[in-house]
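Q: Each chain, written out:
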Amino acid sequence: MDRYPPQPSRRDVLRGALAAGASAALGAGLVSCGSRSDVARTADAGPWRQFQGATLNLISENTAPTAAIAAHTKPFTDLTGIEVRIVTLELSALVQRVALDLASGRAQYQVIYADPYQVLAPYQRGLVDLRSLQADPNLPDLPGGVGDFIPVQMDAAGRFADPEPFYALPYDAPTMIWQYRRDLFEKYHDRMAGDLGFDPTPGGDRTWEEYFRIARWFNENAASDVRYGTGHQARQHDSLMNDFSNVLWSYGGTYFDNGREVGRLGTRDPGPCRLDSDAAIAGAEFYNRLLSIADPASKTWDWDGVGAAFRAGRLAMCPNWHEFAASNETALPGRVGYAVLPRGPVATANMYGGTGVGISGNTLPHERGAAWLFLVWATSPETQLANLRSEAGGGTPTRTSVYEMPEVRAAERRPSPMPNMLTAAAVRQAWQPDRIGLRPKIPMWNECNTAIFTQLSRMLSGAESPRETMRSIKSRVDRIVARGWVA
Amino acid sequence: MAHAAQSSPVARGSAEQRITARKEPRIGFEGKMMSPGLVLLAALSIVPFLALIAMSFSRVRLLGGVRLDVAGLTNWARFFTDADMWMSWLRTVVYFVLTVGLEMVLGVGIALCLFRVLRGRNILLSLLLLPMFAAPSIVGLLGRYLTDSTFGLYAWVLRSLGYTGDILGSPVSAFAAVVLMDVWEWTPLIALITLAGLSSVPQSVREAAAVDGAGGWMTLRYILFPAISNVLLVALLIRSMDAIRYFDIIWVTTNGGPADATKIVPVRLYETAFRFFDLGYAAAIGLAMLVFSILIARTFVRLLDVRGLTR
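Those protein sequence lines, which keep their order, are chains G and R.
If you read the first sequence in the numbering used here, its first letter stands for residue 1, the second for the next number, and so on.
If you read the second sequence in the numbering used here, its first letter stands for residue 488, the second for the next number, and so on.
Isolated chain R, as found in the complex (with noise of 0.2 angstroms):
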């Protein structure tokens, strides 16, 4: 029976799969040549990110070179404990939503009126395209000066409107502002990524739905809603993991301030790390920050697999 079965040509060519599989290098040509690739990223991220993990249960010494002193959990139960910590979490929260959301209604809703022209629609597009291109540094700064009371345009129009406060000086008002600032800056690239998602709407399709008596609304909600949603997913995901990060234009127009209003986690990270230089806290800090940012990803990673579009 073991000869017959041995000798049949089915069994003998499973044998000779068997041999092959066994003896293939399991890191072939493209693994070779993605090693110093894989050497690099340990070298810029997984050794930090390891020395990270060290850190969040260390206190760390500067002078006369980094030393680590082990700390147990102490950073870990601060950071659990810390009710202002907890504050920033929240407003990291609501500004996620309230900066995603607005560019994301604004620069659909812009798209698609950029959608409906056909005369200029270049020229507006670079227009439109303009905030994108600075720098969020040179944001900040954009709209500290153009908020400030002394000269600046927009408080010299509110003023005239009546508004009698100051716009970075109220907790309200300020956190409204940098979120318009960063609104300002980032529906552009909503927009156009919406534009190119709307361009590639077949002509035939729009035709066939208005040629069926679809209305505006039907055409947008059946046709191109539909059609866009996963290129608006992958602009979901680019500015979420964005804002999640977001430092720049808080640190140059508020500095966290007025009453810690506009002090997200980034800011407090910031201002643990290198100004407090208390190195094990923040190793903590952004190691939850990490975390919170892969839950975000995954979340859209997730919708985009369902959709098929991961591979």
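If we strip away everything but chain G, and leave its shape as in the complex, we get (with noise of 0.2 angstroms):
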């Protein structure tokens, strides 16, 4: 008999531990994964009750009407006994836990702030076909119908590539209008007419270059009131891809072949760049020239940023998301305008940002009915007007039936106890097909979004021509496009 029983080598440890790694990591993902299971339904419930005692978690931006939803989730689980617990991040970091949620195989969060161009587009096979809940005889109804949410954003937010099949209701709608100090146009309005020549009241007949001229006049005439006539969300940022895109319209100039259509709906296959066509060149050039006379720090500030300086009275005007009114009101009561963003040679734009809320596909079954629930009680016209009056935010309603309550057409006039409607005559008509701003809803538009910002940027800080900007925008747009996009 040995006397000492064989030993493992440090290479049998070794490769032992390595064994032992990855069947531990493996197991705990096994265990994890198995160990999931769909929420109870009592058939005979009711359809706003047969879910009752699930949990639903709804991941989202931290904007204004997840603000609201969150701050009013009692009356949802008084109707329905489902519990909403609201995680709500910054857009980026919510694309990312997405993104990794849909990885996972599992349905941490349930509801999904579905960005049209950073969810919607890249991961829109990880979403359910809302069609499916819409047609289920055990679910209630959309009240009013898909028909009832203003058709430009149903497409844009809840639709990709296919026209029929619709993965997001939308939830909020903002756009990019421009915002004034009313009371200094009015003190100025004779001065600046007589000096410029042209009446200088904010709204779709001024053009670009008469915005320039008005935001100059305000930097040489009116210091002992505001530092700048405009300030810009130009920092390197998707802000600055947004404010620019409203002046490339303008111009005619376009990111790609068909862009309306690949904004309304979008495409996996865009084709190639039009950034360098003479139309986007002036587009670029005038821009530069516009942020050569604005507040210097437009260069570091996105849309908050460029929202707290018109806030503190540093600018004259400036264009930014409508949903601003309600702050822009607190700080600066009466005294801002808004009226649509000033026409280019050629057209007139103004970016639409909203964004739908939709359903993970990795739901179980009942998991998804009380996730249909909470949509159709989230977009329902009761609760957006709910939101309106909110004192924890609200964004603007999304659908048409809402606009025309009396007491939201009343809410459009000062005083309002609704601040954001004071800006609904401008968003009515930024959401006409032919004025509403749409970026290229493409799967890989995050990647193609950061060149642009960048080379933006470089061309802001003088490191590049707009002409080379455009062009090496294009090289790198098409460099994206061509990698494809893999989810």
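Any given hint might turn out to be false.
Interface residues of chain G toward chain R, partial, derived using beta-carbon atoms under 7 angstroms [claimed, not checked]:
{"#": "1", "residue": "99"}
{"#": "2", "residue": "103"}
{"#": "3", "residue": "125"}
Simulated from the structure, these hints should not be mistaken for lab results.
Every residue gets a Cβ at the ideal spot worked out from N, C-alpha and C, and that includes glycine.
Given two chains presented individually in distinct reference frames, assemble the corresponding complex, making use of the accompanying hints.
A: Following this line, the structure appears as structure tokens:
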């Protein structure tokens, strides 16, 4: 008999450790995957109470509508018996969590704030086609049907590539409009009109060139009231692409051929980038010129930054999302006016940044039903009206019927209990199909967007001319598109 | 002869040693005790590392569970031909040299000043260490707040001195700002380590130098620096490893801009992995960063080894 039993070698131990580590990781994964169970359904409890006891997780960008929803989930819980937990994050963090959640094969977040460009387009296959739930006789129908949503928003926020299926319901509708100090425009109106030779009152008849001249006039003549005529969200960020795109489209430039369709429905193969066109270069040249007289801090601001500067009384005007109206009215009550953005030589465009709310494709059948209840409730006219009244924030409705309610109509004038509705006249114009600005809805948009705002930032810093910038964006975007998208 | 050799005490002793050596377990008690740790290490480090290598040769699909499609050398070819990536590496090196260099110079300088302070040194040291206790993202937010041109204190001071630009709005000043934010946060660490090193220099040696007529510079050059050089090397190693993976402050303050002026490799890696979800290419960048980190670490460890400090 051997006194020393065979001992494992060092290599054996390392090999064993590696195998055990892999097994532990795999085992943990399998255990966690295997532990999923669907929520219970009580068939005879009625359409709204059938999933009582369930818990839903909503992941959303930290936007005003979600703040309002988060403050008022009790009516939903009372109606359905379903608890709703809401996680709000900055958009890029949200996209990250959603992608990882979809990759996990589970549905940690059953209800997803589906940004059309960063979630819907790249991960459309991970979202539920909501037609299946709308057609389910056991589930409540959408009040007013899909047709009650503003059509262009339904397409932009809810659909991708195919006009039939819809993966999200329009949930918020921020749109870029011209925000200006009404008090200052009134104070200087006659002097400005005399000096500039045109009526400076903001509106859809003004041109970007006139906007430029008004801004410069404020710089030179109203230093006691504001430091700069205009400010922009021109940080190396998504905001810079938004701000620039308004000018680009107005000058006739476009990101891809058939730009309106690529923006409205989206596509997986947009073809070659068209930013090297003369119109696009002219737009870039104007934007560069405009930023040269804007507040220099514009290059450090995103939408929040320019909004804060405007509210601080630093700027006479700026293009920004219309949902900033509520905070404008708090800081500068009655002193801010709203109009559609100026037109360019070819067209007029107001960037739309709306988002839908959808359901993760990893949900189990009953979970999916419970999530549908939440979607129906969260986008219902009653909830949208409650959000408008909410002191926690609240965006603007995405349903036509809400805009037609008498109390909402009345709120379009001061004093308004729903300050965001002060922008209604402007956004109603902005949402016309020929005025709405829709960026390309393509799966690889996130990377294209980064290339666009990075190169624009180089242009604004003087490192590249507008022509070089447009050409370098084109070559980058073409490379990204050629690589395709794998999800 | 053979019999004589086997029967001699010396030969018998060496034969027994050989038998004992052969039969002694190669993984002893210590090895067995380490096994759980090794298993954990394998689960947390080795498996992900191997996965990272596999991903760098693949296109990674996310929907419906993670899957790898073989992509050959595509990601690596892209890595070596990506001009933007090389610019990021250049920025990373400049950033690395500036932050670590400034932190070392300032940290040593502050430690030498503190070393001379006898009364109130502890209070001064406590105040000095405060920045180090803030999370880097908080430092970034604080920096953004202080440099904001609407209400920032530093912006106001610079404006009153005649600076008309925006600190985070132009490439050079933004780069300088993020470097200084990092320097502000981590110089105290160097000062603390250096001060510990200085405190270990025997009083008698310094007194002997003073008696021999050595001035301040001579004492510094020939007594203090040689005595604390090993400690400084360790401090340099710690900060270098940190500086290579610097991310938080840049992400919070400039997002890599303006004009990519602050987009160093970790920022680009994050962007590629978690904004574009191009995980295959991100794996290639991550592995390259790992190699870079190992090279830097090996350089310092070798220096320490030469001085016999790793044993």
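Q: Compare the structure with each hint and give your call.
A: Hints, one by one, checked against the model:
1. A cut of 7 angstroms between beta carbons decides the hint on residue 99 of chain G: the least distance to chain R is about 5 angstroms, and the hint holds.
2. For residue 103 of chain G, the shortest C-beta to C-beta distance to chain R is roughly 4 angstroms, which falls under 7 angstroms, so the interface hint holds.
3. Interface hint status for residue 125 of chain G: upheld, as the beta-carbon distance to the closest one in chain R is roughly 5 angstroms, under 7 angstroms.
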